[in-house]
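Engineer: What follows is each chain in one-letter form.
Number of protein chains: 2
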Amino acid sequence: MPVSIADTTDADLLVNDSSTMPAILTDTSDADLPVKDSSTVSPIITDAPDADLPVKNFSTTPAITTDTSNTDQPIKESNIDVLIIGAGPAGYMAAIWFARLGINARIIDKRGTKIFTGQADGLQPRALEVFNSFGFAHRPLKEASVGFESCYYEPDANGHIHKVARKVEGVVGISRFNGSVIHQGRIEQWFTDAIDEFSNNTLQVERPLLPESLVVDESKIHDQSAYPITVTVKKLSDDDSVPDQFGHKLENGLYRQFAGDQEREFATPPESREIIHAKYVLGTDGAHSWVRKQLGIVPEGESTDYIWGVLDIVPITNLPDIRKRCAIHSVSDGSIMIIPREGDLVRFYIQLKETAREPEDGSPPGTKARVDRSKITPELILERARKILHPYTLDVAETQWFTGYQIGQRVAPKFEKWERVFIAGDACHTHSPKAGQGMNISMMDTFNLAWKIAHVVQGKASPAILSTYEDERRQVAKDLIDYDFKLSRLFSGKPGTGDGTISTDEFRDFIDKGSAFTTGCTVDYGASALVSKPPREDSNIKYASPLATELFIGMRFPDSRLVMQCDGRPWFIHDKMPSDGRWRLIDFSGDIKSSPTLAAQLVAVGHYFSSPESFIAKYTPADERVDSVIELILVHASDANNVEWDDFPLAFRSRDSRRVMDYWKIYGDMESLHGGTGDAYEKLGIKRDVGALVVVRPDGYVSMVTTPDMRGINEVGSFFDGFLIPATR
Amino acid sequence: MPVSIADTTDADLLVNDSSTMPAILTDTSDADLPVKDSSTVSPIITDAPDADLPVKNFSTTPAITTDTSNTDQPIKESNIDVLIIGAGPAGYMAAIWFARLGINARIIDKRGTKIFTGQADGLQPRALEVFNSFGFAHRPLKEASVGFESCYYEPDANGHIHKVARKVEGVVGISRFNGSVIHQGRIEQWFTDAIDEFSNNTLQVERPLLPESLVVDESKIHDQSAYPITVTVKKLSDDDSVPDQFGHKLENGLYRQFAGDQEREFATPPESREIIHAKYVLGTDGAHSWVRKQLGIVPEGESTDYIWGVLDIVPITNLPDIRKRCAIHSVSDGSIMIIPREGDLVRFYIQLKETAREPEDGSPPGTKARVDRSKITPELILERARKILHPYTLDVAETQWFTGYQIGQRVAPKFEKWERVFIAGDACHTHSPKAGQGMNISMMDTFNLAWKIAHVVQGKASPAILSTYEDERRQVAKDLIDYDFKLSRLFSGKPGTGDGTISTDEFRDFIDKGSAFTTGCTVDYGASALVSKPPREDSNIKYASPLATELFIGMRFPDSRLVMQCDGRPWFIHDKMPSDGRWRLIDFSGDIKSSPTLAAQLVAVGHYFSSPESFIAKYTPADERVDSVIELILVHASDANNVEWDDFPLAFRSRDSRRVMDYWKIYGDMESLHGGTGDAYEKLGIKRDVGALVVVRPDGYVSMVTTPDMRGINEVGSFFDGFLIPATR
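Taken in sequence, the protein lines are chains A and B. Those letters in the first sequence? Residues 1 to 729, by full-length UniProt numbering. Those letters in the second sequence? Residues 1 to 729, by full-length UniProt numbering.
By construction, these hints were calculated from the structure, which means they are not laboratory data. Even glycine gets a Cβ: it sits at the ideal position worked out from N, Cα and C. Keep in mind that a hint or two might mislead.
Said to hold, decoys possible - Simulated crosslink set (BS3-like; lysine-lysine; CA at most 30 Å straight-line):
(1) A/K163 <-> B/K142
(2) A/K486 <-> A/K167
(3) B/K167 <-> A/K167
(4) A/K687 <-> B/K167
(5) B/K593 <-> A/K576
(6) B/K683 <-> A/K163
(7) A/K167 <-> B/K687
(8) A/K142 <-> B/K142
To be verified - Covered stretches of chain A, going by a simulated chain B footprint (3 or more residues, C-beta under 8 Å):
(9) 138-148
(10) 407-416
(11) 638-651
Stated by the list, open to error - Stretches of chain B that chain A covers, calculated by requiring three or more beta carbons in the stretch to come under 8 Å of a beta carbon on chain A:
(12) 155-169
(13) 308-320
(14) 633-645
(15) 663-673
(16) 696-708
Generate coordinates for the entire structure from the input sequences, incorporating the hints supplied.
Structural biologist: Structure (structure tokens):
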């Protein structure tokens, strides 16, 4: 029996905290309904009220509250640079940047424990590249299920599903990594381990801490030395920091409410309160973001009628492709998406109903009905899955987790206020989980933002760069919602040729065309102070300089294999571009051994950078290494047998006051004695007799491309002059 | 000024503990001389008396001592399966096997601390493969210096050195790993972390614990339930567990003696004594092995006249290839080997004298003189290096460690006694460090031995398999000594064409030919109960079956890239053959979709293994997974578009009582949609229309190759019958 649909009167009771489950299991925030069964409470996932819906038990708090005095307890008070509210993947990604860069940051979460099962599970190649840039990509490679193939099943003439296509998963060659799947708890553990290492255990999630109020002193927002934001937080008791989950014995994603919400009565008084003065606040607190509510930002968009269940099970089945990603359309029982998981687990996304019922509560006609998620059980989802999979069989050896959701798509109209308080992740965008994008795009939001905040906090850059966050990431969110809207319709639609049906050919074609998008590697940031290219009308048009025709400005610098000049070791260049806060200026000098012009250019460039007048010297504090703000890298295109380490200007080799050479900045796009290299110029569209000068941002995106001569150097200098602040020397 | 050479009368005072520095910095045990300067004692490396030389301050203990009662303290007593004495790389490698396999083992060391600088540093590709099989090969990939090129410098007509050749380092394609260099302390840390993980922190080095006596009850050595070996150990005070080092401020490898030796007076009484009853004892206690002395085994061989110094420095030099491995012969100042290390470090091996002086102590003519190592200083070594490197310059930004040694080569005639007490590593073989083999071959000794002991302790196999240890590893040691003998002569010799000179052409040719040997990947074990091939006359002749002409029996199963049938993921097959104690039976079934014969064979084989009468069932305990002793793997050669998961017999797919399929045993040697696969049959010399059945040992070496049909299965059954013990079911 399909799930029943109930009214919307108790919508506030059934919400998800998407900070713990960004996107891939995000209920899009308006599907939450009354509770019937509350016999079991499973203490895993926290919850937050939905700021976007009318609520019954507590008022919609105005954007800024100031009351921090309703307790008799002594109040601790402290200043920090950044406060991160919400320890989901987006929060962790911000934290790892701050840990890596030594920023005085804290991260709090109102949940008492980490998550252990279920939730988001999809990691796109770009996310894995970013993990690699923080040094832990080997962990998904070892632990996760990695996608290499996908299969499509559709009805045959008898209405039985059968395999119609076997296709490559992802895009061959776009990244060293393939999309991988593992439960969110492991991913958060990798972050935790890396953050511990970078911060020497000083930056750790503080929990359960609930923010109570956020006040901004607008008179101070232009003063970089001030702490204009005041957040009061209270420490919850353990009892109040567990979520209130539906009455299933299994872990699941169906929650009633979280006792630890801001306006709730607490079973026990908070243990203590604290006042935190911060320069910046990041709200990575999920689809029902409290921070977003404080800013008065209301997401725009709406829900669909498509209702889906999710099962994480160890299946017993004769479907031969159960360990591949499968998209299955049945004639009339709905669709399934199969995502193999780590170990023996498989995640099933199972369509439960084609449309929700009309609401029965007297809502105006056209109001979308909500699923009564309390009625969703694993048995019910499994029963539906069996119908869709027929004639293949499905039994379950073990169920680890389940949930249900109604697809909706929303984007926040603003991602920040005052360029001081930012929201990211599910707080900014919610959508269906099926493209496997949610957690990824949430992490990439803060990957985009946190280094910029760090730059400003460290006095390296003007606060003006912070406006690029919303410009860059809101476009990505809109693209995602657009993609998800089309995908959801095609996936949830009934296959056929008549009215109200969808074409499976169109579906497969859409997936094919969208596979580059879903790798995360095609994100293309628009023109700004940080991205030097012509403004564009259409965000889908990529821009490359004629100097590097395959190196698109605003997109991530692609990986290639280069040979370290000093020792002949081949490297994936990404491995030498860690996320350490540095800008990179890459001089593709061309074949300096064949062209006297290029050789002379390189000598001039080297001479410039050896001078104390260079812009690198200007932006680098006197007590720091000369490569600490901008790392100068050389990639030549001369033959390995024809070029020696000391053929290059000292600016690329020597930057240590001890006279020890720096051997690690010069690469050749040349054949290694062990092979497998020598095609980087070609892949980037750079001519060996011309070369190019490339600026790469600390997050790995291409800022500009120009000529590898003094004219180009001057252009790069002007580019940096646009936002970097000269160091006091 | 070259180092002075003194007499041999105090030879006992200047010894190395090669358990802490196997091979690459091993003094070969007879070069130890009197001490003049003792102002500074550096508490890093321990030491042990040399059992092989006449000693002055204490007697040469007879093989077995029984006195365990010379203390009033209460004596703890316990039974364990295996006691490892000596926590250097060989000891750690044994420990990781026992941790991985859940064997009740302990590892003790008399040193109070780990090492932090210097010592051995070379990791050959095979060692990295083994690290990979224990799950930590990513650590050297991240941390170590990896060798890809080497350069040769020789005198020009003016007597100035200049580069004469640039060559590939190692052998292209022989392994996924290249030879890597990092200091021994890091390697021991990786072991420690992995052992902690495998053993859940229960197997940890106990230190400082000094063994005092070893008694074997010969009446019990054939009783597998007995604990025939009794070892008394005493806990040292911290003061007594530090080494007595020469009077340099720097860490170095020049020791006088270790206060904590068995027959010494202790500054403080031992904290406690303990009696350990063990089934097996491993002596991995270095070149001056106490265990070896207890067994009465005396190494055979002798020292040469070649005297070398070692410097670990951060160099300042204009030698352009300083970050490549360089072999440099000067006209008359000796030779240098340059080994780039992790970070900015470089290790220099520098020839100090061409010949040692005649001894001045009245020794018989022909007695080799010893270096007075107390006279060796970093300044002296550097001075010599500068002469050799001229006209290139060499300055030092930082010296981290140094030592000096005289080359010698020795092998123990026996590696065990009663098949109960074993020695391994430097206790068995010592030689020069220059081939970078010592630590590797030491680790590979216990990698060969420990799983066999585990098999016997677990009741899986007959104790008869233990004799293969000495057979297999002593041959390797002899091959190494032979190689080292020739290399030392060519490297230490004066280049030229006249009498008493060596040909540098011959030197380079020797290195070229030996590069496969130094990868560690060409070790070839002889015929035995564990290696099914014809006996051979010459250990250099490899043997392959006509069924798999490039798969040599007795050698390690080479890596290749296969595609997992169930999900299309390409795998390096080594990544799916971890060191977990299991035998592997790999059915290269051929192209079953093109050959009805092969298909029928596979059905028959599957039928056999689905039966409770199969030898896999016979050797597997009823309460364990069916793949816990012998893992059955299928590698077909059919086209990916032509073959489905359920085309294969259930024996290869189903082995779980819950009816969950085992998806992880079937591979195709087929093109992955992402490319890069499909050549494994060809590389192994297996015909796609014939196939082969391959048995691989738990340590990854090929035991046998036969036909992939019931005749072959019966042969494999007989092979296992030769040493496996049927499980009680």
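Engineer: If a hint holds in the structure, say so; if it does not, say that too.
Structural biologist: Now the hints, each set against the structure:
no.	hint	in the structure
1	A/K163 <-> B/K142	violated (43 Å)
2	A/K486 <-> A/K167	holds (20 Å)
3	B/K167 <-> A/K167	violated (43 Å)
4	A/K687 <-> B/K167	holds (29 Å)
5	B/K593 <-> A/K576	violated (46 Å)
6	B/K683 <-> A/K163	violated (33 Å)
7	A/K167 <-> B/K687	holds (29 Å)
8	A/K142 <-> B/K142	holds (16 Å)
9	138-148	holds (count 6)
10	407-416	violated (count 0)
11	638-651	holds (count 4)
12	155-169	holds (count 4)
13	308-320	holds (count 5)
14	633-645	holds (count 3)
15	663-673	holds (count 3)
16	696-708	violated (count 0)
Checked against the numbered hints above, the structure violates hints 1, 3, 5, 6, 10, 16; every other hint is satisfied.
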